[in-house]
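Enquirer: Single-letter residue listing:
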Amino acid sequence: MTPEEHITDKRSFVVSLFEEAFGQTADEVLKNWDELTSVEMDGSKTNMQMAYRYAQEFKDELDFYGFMCFWLAIHNRWCKLPYYEEALKYCKQPDIKACIETNYNLAKSTSEKESYDGLHPSAYGRIEGIEKIAGVYGRDDWTMHDAEVKSIVYDRDKMTLDIEVDTCIPQWAADGEWHIIPFHFSDVLSVEADLEMGNDYFWTTHFYADDNFIYVVFDSAHMKICARQLTIGDIL
Amino acid sequence: MRKSANMISDDAVKFITGIENIEVFLEENDEWQFHFSKVTEVHWNSEKCLLDVTINPPCCVGIEYDRNEAEVFLDFHFTDVVDLKWDYTQEDYADEISMKEYNGFLETWFDHITLNITSRGVTVDKPRFMPIKKKSSV
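As given, the protein sequences belong to chains B and A, one line each in that order. Position in the first sequence (first residue = 1) + 931 = the working numbering. Position in the second sequence (first residue = 1) + 985 = the working numbering.
Just so you know, not all the hints are guaranteed correct.
To be verified - Below, a list of computed lysine-lysine pairs in the DSS-like style, where the Cα atoms sit at most 25 Å apart:
1) B:K1155 / B:K1081
2) A:K1070 / A:K999
3) B:K1081 / B:K1020
4) A:K1085 / A:K1111
5) A:K1085 / B:K1089
6) B:K1081 / B:K1063
7) A:K1070 / A:K1085
8) B:K1039 / B:K1020
9) A:K1033 / A:K999
10) B:K1089 / B:K1155
11) B:K1063 / B:K1039
12) A:K1033 / A:K1111
13) A:K1070 / A:K1118
14) A:K1033 / B:K1155
15) B:K1081 / A:K1111
16) B:K1089 / A:K1111
17) A:K1111 / A:K999
18) A:K1070 / B:K1081
19) B:K1039 / B:K1028
20) B:K1155 / A:K999
21) B:K1089 / A:K999
To be verified - Covered by chain A, according to a simulated footprint, are these stretches of chain B (three or more residues, beta-carbon under 8 Å):
22) 1024 to 1037
23) 1110 to 1123
In short, the hints are calculated from the structure, not lab data. It should be emphasised that the depicted structure is a prediction, and the values quoted were computed from it without experimental measurement. By construction, the Cβ of each residue, glycine as well, lies at the ideal position given by its N, Cα and C atoms.
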């Protein structure tokens, strides 16, 4: 969705962003607006009030959208960079923009990667393109409901394994379309697959690292790959 | 006359096309044993229910070729695959193959690795010979 589609009502937008970031329902956010400031969020109790105050003050809705993306970037445990980039694109106020840029550069350069649910920090550095699927299920990180392995191509000489996964992720396609996620593993050490045609759909994906290898487990299709590197391609 | 198949039952034979392509390169008393065969390629297509597996055995008996110059590859094409179990590391080798009919399906086992396929049939191509890639000297 474009920012323009997001912004029909500022308050609704703030509520929806809080839902996405913290799992609060719209009713809870609106009902307990003042009390929410007592919730610990990144050590600051006033951010929610501040965000609401800003919501009243912004005249330019895209500018406000950019600010909220900045806010989400700070408070999300995962997927920060795309939110920072969106914030830089739309936020117009110079002092806020400067702050966004500082935080963005810090997030990019940090060597200590955040830990994702199901993703070990040491695995993160070996996986390219993980933001394409990171956090797409919000609180259900790495859950790929009804995902099916469509194709496997293994080349022992090149030590590569290419897997295409077909899944329907609501946040990608509101119309319920299915999309293919290509996984390209290089320097493959081992493969385990127990696939049963027509009956195997997996629900969760786990990424973790041990020594210099990453392990990717697709449950419950019983598929486990150990490799040195993974690239997640563009969603088809 | 075709050699007797120790590990391929008569029932399974009807599911297999090209079985004689496997026979030719087996040692006379070691039917269906691949000893130290590598799985070099696997292609799985769930839409077509097709599984292609390429095996690289260390030798091919019965056909004249220079083992120092060329290596042999066997291509298996499994059709109407219903089940695949594959547990494989870079250090694993297949030593023997067995194929049996079970309830109208062909069960194929590449031992001692775990590469087990349940399908309606399999086609085996004639052995392919490829020049051995020589490592360049520094």
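Enquirer: Are the hints correct? Go through all of them and say.
Expert: Against the structure, the hints:
1. B:K1155 / B:K1081: 15 Å, holds
2. A:K1070 / A:K999: 23 Å, holds
3. B:K1081 / B:K1020: Roughly 37 Å separates the two Cα atoms, so the pair is violated.
4. A:K1085 / A:K1111: 21 Å, holds
5. A:K1085 / B:K1089: 32 Å, violated
6. B:K1081 / B:K1063: Holds - the C-alpha atoms of K1063 of chain B and K1081 of chain B are around 19 Å apart, at most 25 Å.
7. A:K1070 / A:K1085: OK: K1070 of chain A and K1085 of chain A at ~16 Å, within 25 Å.
8. B:K1039 / B:K1020: Holds, at roughly 17 Å.
9. A:K1033 / A:K999: The hint holds at about 22 Å.
10. B:K1089 / B:K1155: 19 Å, holds
11. B:K1063 / B:K1039: Measuring from Cα to Cα gives roughly 16 Å; hence the hint holds.
12. A:K1033 / A:K1111: 23 Å, holds
13. A:K1070 / A:K1118: 31 Å, violated
14. A:K1033 / B:K1155: 23 Å, holds
15. B:K1081 / A:K1111: 28 Å, violated
16. B:K1089 / A:K1111: 24 Å, holds
17. A:K1111 / A:K999: 18 Å, holds
18. A:K1070 / B:K1081: 15 Å, holds
19. B:K1039 / B:K1028: Satisfied, since the Cα-Cα distance of roughly 16 Å is no more than 25 Å.
20. B:K1155 / A:K999: 34 Å, violated
21. B:K1089 / A:K999: 35 Å, violated
22. 1024 to 1037: Since three or more residues must qualify, the claim that chain A covers the region 1024 to 1037 of chain B is violated, with 0 doing so at under 8 Å.
23. 1110 to 1123: Holds: 5 residues of the region 1110 to 1123 of chain B have a Cβ under 8 Å from chain A.
Violation of the numbered hints given earlier is confined to hints 3, 5, 13, 15, 20, 21 and 22; the remaining hints are satisfied by the structure.
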